Amino acid sequence: GENVEQHPSTLSVQEGDSAVIKCTYSDSASNYFPWYKQELGKRPQLIIDIRSNVGEKKDQRIAVTLNKTAKHFSLHITETQPEDSAVYFCAARTAGGSYIPTFGRGTSLIVHP
Amino acid sequence: KAGVTQTPRYLIKTRGQQVTLSCSPISGHRSVSWYQQTPGQGLQFLFEYFSETQRNKGNFPGRFSGRQFSNSRSEMNVSTLELGDSALYLCASSLMRDNEQFFGPGTRLTVL
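Protein sequence lines, in the order shown, are assigned to chains X and U.
Per this note's numbering, the first sequence starts with residue 10, numbered consecutively.
Per this note's numbering, the second sequence starts with residue 3, numbered consecutively.
The set of hints was computed from the structure by calculation and includes no laboratory data.
Since the structure is predicted, the reported quantities are computational estimates derived from the model, not experimental observations.
Where is the CB? At the ideal position from N, CA and C, for every residue including glycine.
Hints are not guaranteed to be accurate.
[As the list claims (entries may be wrong)] Keeping only pairs whose Cα atoms sit at most 25 Å apart, straight-line, the calculated DSS-like set for lysine-lysine is:
id : chain 1 : residue 1 : chain 2 : residue 2
1  : U       : LYS15     : X       : LYS67
2  : X       : LYS66     : X       : LYS80
3  : X       : LYS31     : X       : LYS66
4  : X       : LYS80     : X       : LYS31
5  : U       : LYS59     : X       : LYS67
6  : X       : LYS67     : X       : LYS77
[Stated by the list, open to error] To list a few chain U residues with every Cβ distance to chain X over 12 Å, as calculated:
id : residue
7  : LEU45
8  : ARG99
9  : ASP100
10 : PHE105
11 : GLY106
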């Protein structure tokens, strides 16, 4: 089955800095990669996703890049703000298969004011 | 549109008891998945239901079961509770099986 590894497990940055979280996946058939943000005590919320026919996608201060050859994808947050502090999860899903995403273990992002 | 709702939000049970959790998907969504979230294991997939049929099951013992009703609402049941079942149980709904998933707030289950 699919295996997703996420790094780092904890990331501490100063407000205004950029943050990058990286994930690798094992199944070359995976073609959908969502990112979720989970604030303390709240539900995971989809913040951005990318499909394998696209190399990069941006939404304001967040972007995701995908390298299918290397089987890794990354979340980039620019101009970080304290409200970006949360746990971020990446996931990979294979189309035409089970449709079940495999999640990474999560990255705790701390943005210091 | 209202989001995914789950009831109850909090539960405290003792070992050996059973529990039923409920999930109401976003209106029009037909696929419901359940996940167990713990600090040590992250998000672990439990089941996926679509059109009242279980389409996939994760690697959990038979004490964990579920079902989906004709209105797409779903329930999951855990029998003979163990201490290790303490977790946040999340359900997620999607329009169809290959669309993005939206999570509910979760049910926090504590087993004493």
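Against the structure, the hints:
1. Between LYS15 (chain U) and LYS67 (chain X) the CA atoms are separated by roughly 44 Å; this puts the pair beyond 25 Å, and the hint is violated.
2. Of the pairs offered as hints, the one joining LYS66 (chain X) and LYS80 (chain X) holds, with about 16 Å between alpha carbons and a cut-off of 25 Å not exceeded.
3. With a CA separation close to 15 Å, the supplied pair LYS31 (chain X) and LYS66 (chain X) stays within the 25 Å bound.
4. Between LYS80 (chain X) and LYS31 (chain X), the direct Cα distance comes to roughly 11 Å. Compliance with the 25 Å bound is thereby established for this hinted pair.
5. Our distance criterion of 25 Å between C-alpha atoms is broken by LYS59 (chain U) and LYS67 (chain X), whose separation comes to about 34 Å.
6. For the given pair, LYS67 (chain X) sits about 18 Å from LYS77 (chain X) by alpha-carbon distance, which is consistent with the 25 Å threshold.
7. LEU45 (chain U), annotated as away from the interface, has a beta carbon of chain X within 12 Å; the closest lies near 4 Å.
8. Here ARG99 (chain U) does not stay apart from chain X, with its beta-carbon only about 4 Å from theirs, under the 12 Å limit.
9. The Cβ of ASP100 (chain U) sits about 6 Å from the closest Cβ of chain X, inside the 12 Å cut-off, so the non-interface label is violated.
10. Its beta-carbon lying about 4 Å from the closest one in chain X, PHE105 (chain U) breaks the requirement of being farther than 12 Å from that chain.
11. Remark: the non-interface label on GLY106 (chain U) conflicts with the geometry, its nearest Cβ contact in chain X lying 6 Å away (cut-off 12 Å).
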